[in-house]
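Chains as they are written, first to last, in my numbering: chain G, 3 to 456; chain B, 3 to 456.
Don't read these hints as lab results, they were simulated from the structure. Treat each hint with caution, since some may be false.
Identical chains share a label here; the pair holds if one copy fits it or two copies do between them.
[Said to hold, decoys possible] Cut-off 16 angstroms, straight-line C-alpha distance, at most; resulting in silico cross-link-like pairs (EDC-like, lysine to aspartate or glutamate): (1) Lys5 x Glu401; (2) Lys443 x Glu251; (3) Lys91 x Asp153; (4) Lys248 x Glu365; (5) Lys5 x Glu69; (6) Lys176 x Asp424; (7) Lys6 x Glu73; (8) Lys162 x Asp202; (9) Lys125 x Glu90; (10) Lys176 x Glu402; (11) Lys91 x Glu73; (12) Lys91 x Asp286; (13) Lys162 x Glu69; (14) Lys98 x Glu401; (15) Lys5 x Glu73.
This one's a predicted model, so the numbers in the text were calculated from it and none came from an experiment.
Number of protein chains: 2
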Amino acid sequence: MEKKIILPEKEIPRQWYNIQADMPTPLQPPLNPATGKPVGPEDLLPIFPMNLIEQEVSTERWIDIPEGVLEKLLIYRPTPLQRAYALEKYLNTPAKIYYKNESVSPAGSHKPNTAIAQAYYNKVAGVKRLTTETGAGQWGSALSLACKLFDLECKVYMVKISYDQKPYRQLMMKTWGAECIPSPSRQTSFGRKVLAEDPDCPGSLGIAISEAVEDAVTSENTKYSLGSVLNHVMLHQTVIGLEAQKQFEMIGDYPDVLIGCVGGGSNFSGLSFPFIRDKIYGKDIQIIAVEPTACPTVTRGPFAYDYGDTAANTPLLPMFTLGHNFMAQPIHAGGLRYHGMSPLVSRLVLDGLIQPRSYNQLETYRAGMIFAQTEGLICAPETNHAIAAAIEEAGKAREEGVAKTIVFCLSGHGFLDLAGYDAYLSGKLTDVSLSEEEMQKSLEAIKSFPKPAI
Amino acid sequence: MEKKIILPEKEIPRQWYNIQADMPTPLQPPLNPATGKPVGPEDLLPIFPMNLIEQEVSTERWIDIPEGVLEKLLIYRPTPLQRAYALEKYLNTPAKIYYKNESVSPAGSHKPNTAIAQAYYNKVAGVKRLTTETGAGQWGSALSLACKLFDLECKVYMVKISYDQKPYRQLMMKTWGAECIPSPSRQTSFGRKVLAEDPDCPGSLGIAISEAVEDAVTSENTKYSLGSVLNHVMLHQTVIGLEAQKQFEMIGDYPDVLIGCVGGGSNFSGLSFPFIRDKIYGKDIQIIAVEPTACPTVTRGPFAYDYGDTAANTPLLPMFTLGHNFMAQPIHAGGLRYHGMSPLVSRLVLDGLIQPRSYNQLETYRAGMIFAQTEGLICAPETNHAIAAAIEEAGKAREEGVAKTIVFCLSGHGFLDLAGYDAYLSGKLTDVSLSEEEMQKSLEAIKSFPKPAI
Numbered sequence: 003m004e005k006k007i008i009l010p011e012k013e014i015p016r017q018w019y020n021i022q023a024d025m026p027t028p029l030q031p032p033l034n035p036a037t038g039k040p041v042g043p044e045d046l047l048p049i050f051p052m053n054l055i056e057q058e059v060s061t062e063r064w065i066d067i068p069e070g071v072l073e074k075l076l077i078y079r080p081t082p083l084q085r086a087y088a089l090e091k092y093l094n095t096p097a098k099i100y101y102k103n104e105s106v107s108p109a110g111s112h113k114p115n116t117a118i119a120q121a122y123y124n125k126v127a128g129v130k131r132l133t134t135e136t137g138a139g140q141w142g143s144a145l146s147l148a149c150k151l152f153d154l155e156c157k158v159y160m161v162k163i164s165y166d167q168k169p170y171r172q173l174m175m176k177t178w179g180a181e182c183i184p185s186p187s188r189q190t191s192f193g194r195k196v197l198a199e200d201p202d203c204p205g206s207l208g209i210a211i212s213e214a215v216e217d218a219v220t221s222e223n224t225k226y227s228l229g230s231v232l233n234h235v236m237l238h239q240t241v242i243g244l245e246a247q248k249q250f251e252m253i254g255d256y257p258d259v260l261i262g263c264v265g266g267g268s269n270f271s272g273l274s275f276p277f278i279r280d281k282i283y284g285k286d287i288q289i290i291a292v293e294p295t296a297c298p299t300v301t302r303g304p305f306a307y308d309y310g311d312t313a314a315n316t317p318l319l320p321m322f323t324l325g326h327n328f329m330a331q332p333i334h335a336g337g338l339r340y341h342g343m344s345p346l347v348s349r350l351v352l353d354g355l356i357q358p359r360s361y362n363q364l365e366t367y368r369a370g371m372i373f374a375q376t377e378g379l380i381c382a383p384e385t386n387h388a389i390a391a392a393i394e395e396a397g398k399a400r401e402e403g404v405a406k407t408i409v410f411c412l413s414g415h416g417f418l419d420l421a422g423y424d425a426y427l428s429g430k431l432t433d434v435s436l437s438e439e440e441m442q443k444s445l446e447a448i449k450s451f452p453k454p455a456i
Numbered sequence: 003m004e005k006k007i008i009l010p011e012k013e014i015p016r017q018w019y020n021i022q023a024d025m026p027t028p029l030q031p032p033l034n035p036a037t038g039k040p041v042g043p044e045d046l047l048p049i050f051p052m053n054l055i056e057q058e059v060s061t062e063r064w065i066d067i068p069e070g071v072l073e074k075l076l077i078y079r080p081t082p083l084q085r086a087y088a089l090e091k092y093l094n095t096p097a098k099i100y101y102k103n104e105s106v107s108p109a110g111s112h113k114p115n116t117a118i119a120q121a122y123y124n125k126v127a128g129v130k131r132l133t134t135e136t137g138a139g140q141w142g143s144a145l146s147l148a149c150k151l152f153d154l155e156c157k158v159y160m161v162k163i164s165y166d167q168k169p170y171r172q173l174m175m176k177t178w179g180a181e182c183i184p185s186p187s188r189q190t191s192f193g194r195k196v197l198a199e200d201p202d203c204p205g206s207l208g209i210a211i212s213e214a215v216e217d218a219v220t221s222e223n224t225k226y227s228l229g230s231v232l233n234h235v236m237l238h239q240t241v242i243g244l245e246a247q248k249q250f251e252m253i254g255d256y257p258d259v260l261i262g263c264v265g266g267g268s269n270f271s272g273l274s275f276p277f278i279r280d281k282i283y284g285k286d287i288q289i290i291a292v293e294p295t296a297c298p299t300v301t302r303g304p305f306a307y308d309y310g311d312t313a314a315n316t317p318l319l320p321m322f323t324l325g326h327n328f329m330a331q332p333i334h335a336g337g338l339r340y341h342g343m344s345p346l347v348s349r350l351v352l353d354g355l356i357q358p359r360s361y362n363q364l365e366t367y368r369a370g371m372i373f374a375q376t377e378g379l380i381c382a383p384e385t386n387h388a389i390a391a392a393i394e395e396a397g398k399a400r401e402e403g404v405a406k407t408i409v410f411c412l413s414g415h416g417f418l419d420l421a422g423y424d425a426y427l428s429g430k431l432t433d434v435s436l437s438e439e440e441m442q443k444s445l446e447a448i449k450s451f452p453k454p455a456i
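Let's have the full structure, built from the sequences with the hints guiding it.
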């Protein structure tokens with residue numbers, strides 16, 4: 003009865019898995035916002051180095067992980083696959099519940115998996131400095147860490163309201179040597195424009211992206227880095243699932259149900275893509291992507307071409323979206339408030355390989371509390387969405403009397419997000435599901451967007 | 003070139019190591035504060051269950067770890083022994099630097115090693131509720147977690163100033179179902195007495211201990227739990243060193259230098275005691291206990307009989323002490339501000355088996371920053387003391403041109419203690435070494451204490 007299934011270091015995956023090689027329906031290309039024509043690699047060069055652009059469009063099934071990346075991943079990888087015995091007992095379920103614990107990284111989440119890879123490729127390409135945006139701070143922390151490990155400068159535009167509310171997150175970034183400033187800032191022309199219109203603007207991810215991209219495009223030896231949504235980000239995260247496959251092999255088991263929370267899609271893709279490959283080739287496995295009812299991108303949004311940022315400067319991506327002007331209610335799971343969804347995840351949902359599901363905030367904290375009090379780990383509010391689904395599936399297994407194997411991605415710990423638990427414990431946490439009226443407003447806005455084929 | 007040396011779960015130690023079986027000089031007994039006579043087991047029964055009192059005085063070399071304890075330790079144990087390649091490279095040293103990473107526990111430090119054992123033994127003894135004190139919050143969090151895992155009630159008296167300054171710590175405890183209140187409180191007669199004299203009293207560890215003990219003694223089915231200093235606490239922590247010994251065996255290496263920070267002595271004892279046994283039987287290994295210059299208990303304090311708490315209610319323990327009325331300056335390493343030192347550690351220092359050393363706050367943060375920026379991990383301010391010593395020893399190895407093997411205990415992460423890094427980064431961190439004048443005042447106060455034989 004092993005509690006943790008530990009993969010030896012020498013078994014760490016040496017290649018990432020690129021699901022573009024196996025998808026039943028190929029991705030449609032991003033569109034240039036100016037011309038409406040498919041984006042070419044050269045369109046992306048001002049913001050990304052060519053080696054990452056090549057990964058973004060590659061259809062090679064396996065892509066070698068460079069030694070320089072492996073060396074840094076080994077700081078915390080392979081991560082444990084843990085069995086939630088105490089949770090199973092509490093739920094009185096015949097199901098076996100496993101979690102892939104990505105919270106053990108120095109930044110406390112799965113985000114360094116791609117931050118390290120991106121910092122490495124930029125370093126190799128001769129880039130000296132990276133810019134990015136961050137909302138709640140998980141991604142900004144991860145990129146700050148990665149830049150320090152590869153001796154790159156790093157500048158993080160952090161949504162102002164989070165910057166003020168989460169002083170510990172910016173301190174982490176500064177400890178790793180990054181410059182972190184509140185956005186909107188006076189350091190970009192877009193930031194100045196926003197502040198001229200509204201000096202008290204609390205900021206948004208869309209504004210921060212626009213500032214980070216402007217900084218990258220207008221500064222020397224500088225590129226921009228994104229922590230989710232794009233294909234190369236999902237690629238880098240597949241180490242999670244590739245490790246998990248080996249770990250299940252070690253114990254002679256295989257999941258019947260796989261669960262991850264989705265904001266832009268990166269931790270979910272990381273765990274699921276290698277298993278979705280198995281599913282494409284005939285394995286019977288249920289794959290569940292969980293989002294908040296406050297930002298129901300995949301469960302209620304349409305599939306359309308939309309911008310990645312609020313300012314509508316990025317290429318148009320074919321994805322589920324609530325519209326680039328959509329502003330989700332301020333739920334604690336800041337990482338799940340994104341208006342769009344990874345095009346890869348979106349396509350796989352359309353093809354019936356992924357099943358989307360949503361929970362409201364209260365349900366997710368109830369689940370997170372059960373997990374904290376049985377398994378001992380206090381999880382990030384994003385992760386609590388995956389736990390809610392795992393608990394529901396374990397309940398079904400009990401009703402059906404089937405000893406299903408369930409696995410979910412524990413994407414991050416909640417040490418820097420305890421305010422949500424406080425609100426829950428003091429009865430102040432509210433459900434903020436998207437209303438039908440708000441949903442109709444979003445759908446109306448999206449009507450005019452270009453339509454990709456389904 | 004392994005980065006992490008991982009011990010398989012089945013290799014987790016099944017017995018704790020009790021150094022009392024091997025010490026060259028046996029411990030002198032604690033004294034009853036009322037009679038001045040050695041304390042008998044019955045004197046301790048109002049606050050501890052008999053099974054833990056038996057461990058406290060046992061001289062058996064090996065004590066079985068119950069299955070119920072092992073099961074919970076397996077949530078995070080065995081912990082990794084990690085090689086600090088990037089730090090070595092940065093320091094340009096031939097030394098091999100390893101750290102035993104205790105930050106991977108759900109509470110973020112080594113404290114659950116004993117919290118889980120103590121909760122288990124209290125549960126077995128029929129206790130329903132535990133009380134304790136906490137300063138910075140590491141211990142209170144660990145006991146809250148452990149009590150939840152064994153379905154015990156838990157009440158934590160948290161030093162008021164920390165309660166106010168560290169809202170996240172109390173939130174952790176509440177998430178694990180504990181009641182955490184600021185001390186001095188109106189819920190004990192001692193707390194009311196303190197508040198009557200000074201309504202704005204910021205609290206102290208001494209006051210909080212007195213409140214927690216009073217609560218335990220006056221409540222039904224309730225005992226008190228201490229997170230450091232006592233023999234059974236050191237015993238429970240030896241899993242750290244026992245695992246490390248197996249891990250070094252796996253790679254065919256053995257430390258020349260072993261380092262831990264000391265407040266009450268628990269993480270240091272946990273890593274070092276199994277190696278000190280080797281040293282007693284002839285191994286050549288240097289054992290360094292690191293404390294802050296702001297609270298130089300072992301480097302400058304005398305060896306005397308002193309109380310564990312400020313209110314002078316606990317038994318008198320033979321130990322290095324700065325006097326139970328000593329109030330260390332408010333350095334960020336709150337866990338190292340205790341006036342006394344584990345009697346076991348104290349005795350081993352007297353016998354020349356442990357070498358004490360101190361660093362000032364600035365030196366420790368400088369070391370912690372180097373570690374964060376090379377190895378990626380942001381450590382607790384307490385841990386930074388051990389890192390400072392590791393860096394100094396690695397420097398000596400460079401000067402001597404010797405490829406020494408150095409190991410230190412990474413006792414906890416710093417995610418909830420980032421304020422100190424902020425102060426360091428903004429140039430506001432000050433050195434607060436104990437002045438000669440203050441030291442003389444302490445020595446004067448201790449003069450009247452009973453003297454144990456040396």
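Homomeric proximity label, Lys91 with Asp153: Cα distance no greater than 16 angstroms: between (47 angstroms within a copy, 14 angstroms between copies)
Between Lys5 and Glu73, at a C-alpha cutoff of 16 angstroms, which is it: within one copy, between copies, both, or neither? So Lys5 and Glu73 pass the 16 angstroms test across copies only (8 angstroms; inside, 27 angstroms).
When Cα atoms must be at most 16 angstroms apart, do Lys5 and Glu69 count as within-copy, between-copy, both, or neither? between (31 angstroms within a copy, 13 angstroms between copies)
Intra/inter-copy verdict for Lys176 and Asp424 if alpha-carbon distance must be at most 16 angstroms: Only across copies: Lys176 and Asp424 sit 8 angstroms apart there, 26 angstroms inside one copy, limit 16 angstroms.
I want to check one pair: Lys162 and Asp202. Are their C-alpha atoms no more than 16 angstroms apart within a copy, between two copies, both, or neither? within (10 angstroms within a copy, 35 angstroms between copies)
First find the shortest C-alpha distance between Lys6 and Glu73 inside one copy, then the shortest across copies, and answer within, between, both or neither for a cut-off of 16 angstroms. The answer is between: 11 angstroms across copies meets 16 angstroms, while 23 angstroms in one copy does not.
State whether the alpha carbon distance between Lys98 and Glu401 is at most 16 angstroms within one copy, between copies, both, or neither. Close inside one copy (14 angstroms), not across copies (55 angstroms); limit 16 angstroms.
Identical-chain pair category, Lys91 with Asp286, by Cα at 16 angstroms: neither (26 angstroms within a copy, 48 angstroms between copies)
From the Cα coordinates, with 16 angstroms as the cut-off, is the pair Lys91 and Glu73 best called within, between, both, or neither? Intra 38 angstroms, inter 13 angstroms, cutoff 16 angstroms: inter-copy only.
16 angstroms Cα cut-off: does Lys125 pair with Glu90 within a copy, between copies, both or neither? neither (45 angstroms within a copy, 22 angstroms between copies)
Intra- versus inter-subunit Cα pairing at 16 angstroms for Lys443 with Glu251: Answer is neither: 48 angstroms inside a copy and 65 angstroms across each miss the 16 angstroms cutoff.
Indicate which option fits the pair Lys162, Glu69 if close means a Cα-Cα distance not exceeding 16 angstroms: within, between, both or neither. neither (37 angstroms within a copy, 50 angstroms between copies)
Figure legend: structure checked against the earlier numbered hints; hints not met, in rising order: 1, 2, 4, 9, 10, 12 and 13.
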